[in-house]
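Trainee: Construct the complete structure from the given sequences, taking the supplied hints into account.
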Amino acid sequence: MSFVDYGQTVEDHQSLLVLVRHTGSSLPAHLFRRVWERIRSLNSVHVQGQNRNVIVRYKRTYPTENNEWGDFQAHRKVLGLISVGKCVDHKEFEDLFENYKKVKEEYASTIINSRLIIYGMNTDGSPLDEEQGQSPSSETSGSEIGDLGVKSQTGLSYEPCLSSSEFCDTDSCGNPTDITAEVKALSEKAKASQVGRDIPLSDHDSGLGIIMEGSETSSMKSSSLSGNDSDSISIGLQNLEKDSATGKEGTVKAIKETNGTVSDSNGKVVEVRRPHSKSLTKESTGSEVVFYPNIDQCADLEERLREFVTSLFFVLEGKRLERSFERNDRLVLLCAPFEKKDYVGVDTDTKTFRKRCLGRLRKHLGDLCLQASLPGEAILHYQTSLDWLRSVNDFLWMGGCYEGLCASSVIMTCPKSNSAPLKRNLSFSVKRGASTPDLKQRPASLKTQTSHGSTIANGLDHLEGPSLHCLNPDDIIEKYKEAIINYSKYKNAGMIEMEASLKACRVLISQGNVVYINFPTSEEEKVQKFITLSSLYGQIGFMRKEAFFKRVAAMQCVSQSASSPAWHQCYQLLLQALTGYNIALDPREMPQGSLSGWPVIQYQVLHELVCSARRIGNPQLAVRHMTLLVHTMLPHMTPKEQQEVVEALKTLSDRCQGTPQPLSTNTGLILPPVNLTTLPTVKLFQPLSATPHLRPVKIAVNDDSTGSIFIYTPLSLGQADKKVDSCSVDFQWVAEDMCEVQLQVINPFSVELQLLYLALLTEALDVELFPVSPTIPPDSDPITIKLTAKPKKPGQLKILGYATQVFGVKSHCKLRDLTSIAVPPYYVVEVIPALSQVTLSCSLPKAVTFASSSSSEGATVVANTSTILYAGQSQDCVVTLDNVSLYSVTSLGVKLGMRTDARECVNKMFAWSDENIQSQLPLQPGNQLCMTLALYGYSDFLLPPVTSPELSSSSVSSHSRTENLDIKGTQTVEALLAVQYSGGPGHEAGYCRRCSLAVTVDILPSIYITNWDAVPLSSGQEVALVLDLLNASSHQIDVQCGSGTGDGAVPVIIESQQCRRIVVTVPRVLFPEQEKSQTFESQVPSKYRTWRVPDFYSQYLSQFVDVRWSMSAAKVSGKVSIDHLKWSSPQLEVIRVPAVSWEVSLNGRHYVNMAPDLMHFAVEQPITVNITVSASQGAETVQDVRLGIQPMQEGGQGELQHPVEPSAFICLGCQTRLSPKLGPGSSLSHNCTLVFLCAGHYRLHISCCGMDSSSGTELSWRCLPVPELTVVENAAAVV
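Numbered according to UniProt numbering, the sequence shown spans residues 1 to 1279.
Just so you know, not all the hints are guaranteed correct.
What the hints assert, rightly or not - For each label pair, taking beta carbons as the anchor points, the in silico distance ranges come out as:
(1) His607 to Lys798: 36 to 46 Å
(2) Ala847 to Ala1113: 23 to 33 Å
(3) Pro662 to Ser773: 26 to 36 Å
(4) His607 to Pro748: 44 to 54 Å
(5) Gly345 to Asp89: 54 to 64 Å
(6) Ala1113 to Lys846: 54 to 64 Å
It should be emphasised that the hints constitute simulated quantities derived from the structure, not laboratory data. Just so you know, even glycine gets a beta-carbon here, dropped at the ideal spot from N, CA and C.
Mentor: Take a look at the structure:
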């Protein structure tokens, strides 16, 4: 009876079947599994020179009944045998060898080659306790043996045997001379076929380097191994040389064999000695015996396996070529095992018999082509075979042709290239940059190779395109259907039909095709059938179907018809079926919502699992599964069912208490713990911190201001990158202090919960727990429970959750498992040593409220103070710190907390002396520390909206202008004076405490600057800043300037709501280069900004301006700041030191040295204007320079200046001069003569402009002060 291989796949049609057996009992099972894993990993071997991969399929057991089907389908033959054993002496080796021969005899009809791998002896075959005495001659022999087609580093020769009846004349391989002649004939055929395709043969690729010897030949008997040293043995040599006449490779020389010696084609006698004379007492077996000391010292195992597989390939290749050229008069009928008796006595001379033989031979040849990695040729053979077999109605073999045709098409169209191993032989044999020669296929063959000769894992070369002979997916479906229909006509082909159906299902798995077959099976096979069906449904994603069949298989294991119920297998199958029913052994993986499945079915499956666990005699598993049933199914039950299930759990837990630890089964499966997190249900879990100002924090080494607590921001800007679900709490606990965690729990079920134990679940620190035992009534409202603990030592305390004991089951309810609330997986609380403690007070009046007290920084506030200041006013107060602890304060620091947009102003509003604070440390217990805090009423002194700064001096009025002015009211500024202090053991550990003083400052308006301008002075070295000041207070204000006043030397008196002008003289300055740093204006969005950004140029000018005010009625005084004045480009040009200097002379008199009232000229008097402009040494080079002069005249009644009419003056010469460039330190001069025809007051606007050579921007300069002159009618008035 044949056995169904439920793991068969389509790709197995191209594989070579190799049997790997565990020989003897000395080698432990786990060591054999290591060797087995190494062997099975070599499932693809690249054949050099052939550009093909050989696919190998390894089996540890294989029924001999299935091996008999090898003629029907070639991939069912066992072609190779690898036996693995262990021995330490010659006697054990004899036993291993006998077992090895027995296994080999079982499959002698099909085995081509075999290997016996022995561990526990030296590589030369001697016991490990004996020394290896190898002479130089023996070492030479070992190296020479490596040249016989299979490399050997141990001195052992590879001697594979052809013991198959298809390749040998006798059961024991016959005469070696006949075998050598047969191999020679096969090699010549292979050479002729390959040369026809222009494929070069090498010493490894030709396949003729394999030595085949019989175990019972007289030549080998005469060379048996004995004695102390190695004796001569007879081996076959083979040399592949180049033919000098034809220039082609692959000429095979004749080999002559003699007893104990080897002769090559030139007649040279070579004697080879085997070095392991002490190891073998048997005659040569025609097989190779490989010795290794241990499993870790067999580095060349894979290489030997490659050579072993290569030998199988070349024998198959030779067989394929032999069958290709087989004569029609020597045909042999190939039969399936059950057909042999049907053809006894059949007339063999009929056409029907001849066609049947030809068709089956072609089909077998297609199988060989498929195993030789030529699926394209296999398709042609299958199609030809179908034509022969169809004419004789050979349905069984027609089904085999259809199946082979489908397998070849699937292999060619869907190659599995992801499992291709590293082709080391190919990469080492081809030079870098070179490519493998192209193969010239026969006209009838398909192109299965690209120009670069690369291959893929299933033995195929990369296809240039789809083959014309390949079946499309729809045809594959039809051909598989026809194959299965043909198989179904034969009762004895049930195994072939079932395997074909499984392979078709795997191929067509995406189309969901299912094939039902009925044939008599045993109970065990029924279970296996249901398991296989379950696996197929799982592959197409039908998880519930997969679970259904696994559950049916589980019930079949313990059915009444079963002779011995397999409860263990039933339990394992039920475990595997849980996933399909949306049941997870780990409650955390249970699906929720609409995808959770049907509770009734889930309850039934879990109940069956509990029963099977009890039947296998494992009460712990029963309690675990019953706990899972209660945990997951309780919400879906009625009150009565809930009571029954709870009582059942109590009964089981009385015998074996439920534990919160994982359970392991005999199969190695680990069952996760089931914690009753819903009994009770937690609605709140929150560790409680100490008072905020007593909360310890870590002292940062590099205190980043953007992440410090001293930054006040109610918007929590910049916090988006931080993890919301951080496990670390924002507070610390102190060692030996009582710490609390608050819980709110409910009981949603109709069963009263008696918690025998409820306490915190912690780790990583020694903690004294104080458990409680509450009783929660059914369907209760939220109940608050506080769990307390006392850390005994400082460190990190991890709060994992809480521990309970209910219904006899202990549960560790961790936070990560709670689905009723959103909490982090655990809380980490830092427990620190003891710290000192201080109180904070201030001399300012106390404030009732603090608007920002709800923020995280405001939570540390211990005192609130407030004060009122006028804009520009300064005030001092005293802040006192009292040490009320038993430890000295050794470290103390003060910082300000504020909003980001108000940082600039708050930093100028508060000031203190850090040196004064540090001088009073350490602060002993019971002592006080006093510090002076200076307050300043910061303001921008501007009205909203800001009056346009681009005002000329003439547009500024010196009179009071209070109408249409929007005077701002009081501004309130809140700030936190944060004190960080530390002392005692906590300071040594790097921790501190922080408390804050909330200061509220109301800033009243005093002076506003309504208009401003910059006016050049006649000297040219100074400018006058003209400021219009508005008294926004309700009292009289006296204003005094440090460098001058507007109305004499006395202070300027400004009444309430009155505006007066003052003039401040400042030198012309050269502004420093502005840094390209990010300002607060760019950091804070405008909609959140409440303070103006100071102007860079005004801040630089403020060092030259000192404007102070005093308010006698309120007895206060202050200073006016110009930091926020915005200057226009013309105004900055007036203030800034120009990059060029001017020299202007009128009729030879320098204008800069003359007063304006001395420059009088008569009408029609020629006025020669000489202009010289000089660039400074640090100026940039200016190109395309244009120097020009333009007379200007003021209009009447305050009109603006305008150019003089061309009819009012005459210009002798050009008003403009052009120059290509003006470099640093160079000058440019121009002169012209002006004749004014009308009397009047004129101004000469002289300008120079050009293009910056480096930046390409346009530059321009004006001559300041502007030259003025007066033209009169009376010539006598001219001086």
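Trainee: Now tell me, hint by hint, if it's right for this structure.
Mentor: Okay, the hints, checked on the actual structure:
Between His607 and Lys798, the C-beta spacing of about 38 Å keeps the proposed range 36 to 46 Å intact. Distance hint check for Ala847 and Ala1113: the Cβ-Cβ separation is about 26 Å, which falls inside the suggested range of 23 to 33 Å. The supplied range of 26 to 36 Å is met by Pro662 and Ser773, whose beta-carbon atoms lie about 27 Å from each other. A hinted range of 44 to 54 Å is violated for the C-beta pair His607 and Pro748, which are about 23 Å apart.
About 55 Å separates the C-beta atoms of Gly345 and Asp89, a value consistent with the hinted range of 54 to 64 Å. In this structure, Ala1113 and Lys846 break the distance hint of 54 to 64 Å, their C-beta atoms being roughly 27 Å apart.
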